[in-house]
Amino acid sequence: MRRRPLMLAIMLLLLAGCNSKTKKETQQVSEQADSGKTTSDQPDQKVEIQEIATRFVRAYLSQDSAKVNALIHPELGLTIILRIGAGDRFQQISTLDFANPLPGFYPYPTFQNDYGITFASLPTYSCEHEKWSKDGWFIDTTTHPNTLSSLAAFLDRVEEQEIPAEEIQKMKTLEQTSYRVILTGQESVIFHITRYQNAWYVTLLDRAYSSCDA
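Numbering (mature numbering (1 follows the signal peptide of the UniProt record, and there is no 0)) for the sequence shown: -23 to -1, 1 to 191.
If you are wondering where the hints come from, they were derived from the structure by calculation, not from laboratory data.
Treat the hints loosely; a few may be bogus.
Result set (EDC-like, lysine to aspartate or glutamate): computed pairs, CA atoms no more than 20 Å apart in a straight line [what the hints assert, rightly or not]:
| hint | residue 1 | residue 2 |
| --- | --- | --- |
| 1 | LYS44 | GLU25 |
| 2 | LYS44 | ASP74 |
| 3 | LYS147 | GLU52 |
| 4 | LYS149 | ASP65 |
| 5 | LYS149 | ASP133 |
| 6 | LYS147 | ASP133 |
| 7 | LYS149 | GLU52 |
| 8 | LYS108 | GLU164 |
| 9 | LYS111 | ASP91 |
| 10 | LYS108 | ASP91 |
| 11 | LYS149 | GLU139 |
| 12 | LYS23 | ASP117 |
| 13 | LYS44 | GLU28 |
| 14 | LYS111 | GLU164 |
| 15 | LYS149 | ASP117 |
What follows is a list of derived Cβ distance ranges for each label pair [to be verified]:
| hint | residue 1 | residue 2 | range |
| --- | --- | --- | --- |
| 16 | GLN153 | GLN89 | 31 to 37 Å |
| 17 | ALA97 | ALA76 | 31 to 37 Å |
| 18 | GLN27 | PRO141 | 33 to 39 Å |
| 19 | CYS104 | GLU25 | 31 to 37 Å |
| 20 | ASN90 | GLU137 | 31 to 37 Å |
| 21 | GLU107 | GLU144 | 33 to 39 Å |
| 22 | GLY64 | THR31 | 31 to 37 Å |
| 23 | GLN68 | GLU136 | 16 to 22 Å |
Where is the CB? At the ideal position from N, CA and C, for every residue including glycine.
Build the full structure now, drawing on both the sequences and the hints.
If you want it as structure tokens, here you go:
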């Protein structure tokens, strides 16, 4: 008779342990499902990237200043990388004026674009052969550009232009949320888009990369 209460107590403990384990496993599965749901519910970043890139290229090639400037953040402005002589420089502007290009001897191009956006590695330009490694409209979302921060660090190092270290660090921070876009054609359009304060902006226009004047 004494063994029955003891056996009953052991059975109750085992049952309680099994229930606890089952609840824990159920909770873990539920948490994983919720996590997956959260990820899938996030906006498709590539759709947003395609939209900002398409809007900029259409406005740029049609030389619509109002539409281009609507894509420039008022605090960040637009940085233009340009080549004068043998060296590259950069200049920050608040708005783009198609009537007054930078540099002044190099008008902003206008041409018909027949390419759609491809998410892939970016093409490279050969000055020797005067051609791109591939033609099209490309965005590489697997890497972030360091074009501006590298140029700024170089100019500061060779004492061509004094640039504070904190300014270069700001450039690096913005580059961490930026992607480089290259459109080839009769001429090329090269620019950076940046995610800033939960929105996308055009932050850089590279007018030097495919220039082989030097």
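Here's how the hints hold up against the structure:
Distance restraint check for LYS44 and GLU25: the Cα-Cα separation of roughly 17 Å lies within the 20 Å cut-off, and the hinted pair is therefore satisfied. Between LYS44 and ASP74 the CA atoms are separated by roughly 11 Å; this keeps the pair inside 20 Å, and the hint holds. At roughly 13 Å between alpha-carbon atoms, LYS147 and GLU52 fall within 20 Å of each other, so this suggested pair holds. Proximity of LYS149 to ASP65 is assessed by CA-CA distance (about 18 Å); at most 20 Å being required, the pair is judged to hold.
A distance of roughly 15 Å separates the Cα atoms of LYS149 and ASP133; the hinted pair therefore holds under the 20 Å criterion. Restraint check for LYS147 and ASP133: the C-alpha separation of about 15 Å stays at or below 20 Å, so the hint holds. For the hint linking LYS149 to GLU52, the alpha-carbon distance of about 16 Å falls within 20 Å, and the restraint holds. Proximity of LYS108 to GLU164 is assessed by CA-CA distance (about 10 Å); at most 20 Å being required, the pair is judged to hold.
In summary, the hint linking LYS111 to ASP91 is supported, as the alpha carbons are separated by about 15 Å, within the 20 Å threshold. Distance check on the hinted pair: LYS108 and ASP91 sit about 18 Å apart at the alpha-carbon level, within 20 Å; holds. In summary, the hint linking LYS149 to GLU139 is supported, as the alpha carbons are separated by about 17 Å, within the 20 Å threshold. Note on LYS23 and ASP117: the hinted pairing holds, with a Cα-Cα distance of about 11 Å set against a maximum of 20 Å.
Straight-line distance between C-alpha atoms of LYS44 and GLU28 comes to about 13 Å, which keeps the hinted pair within the 20 Å bound. This hinted pair checks out: LYS111 and GLU164 have alpha carbons roughly 13 Å apart, not beyond 20 Å. A hinted pair counts as satisfied when its Cα atoms are at most 20 Å apart, and LYS149 with ASP117 qualifies at roughly 18 Å. Range check, GLN153 to GLN89: about 34 Å between beta-carbon atoms, so the 31 to 37 Å window is met.
A hinted range of 31 to 37 Å holds for the C-beta pair ALA97 and ALA76, which are about 35 Å apart. For GLN27 and PRO141, the Cβ-Cβ distance of about 36 Å falls inside the hinted range of 33 to 39 Å, so the restraint holds. The hinted range of 31 to 37 Å is satisfied by CYS104 and GLU25, whose Cβ atoms lie roughly 34 Å apart. Take ASN90 and GLU137: their Cβ atoms lie about 35 Å apart, and the range 31 to 37 Å holds.
GLU107 and GLU144 have their C-beta atoms about 35 Å apart, which keeps the hinted 33 to 39 Å range intact. Taken as a hint, the range 31 to 37 Å holds for the pair GLY64 and THR31, whose Cβ atoms sit roughly 33 Å apart. Hint check: GLN68 to GLU136, Cβ distance near 18 Å, so the stated range 16 to 22 Å holds.
Checked against the numbered hints listed earlier, the structure breaks none of them; every hint is satisfied.
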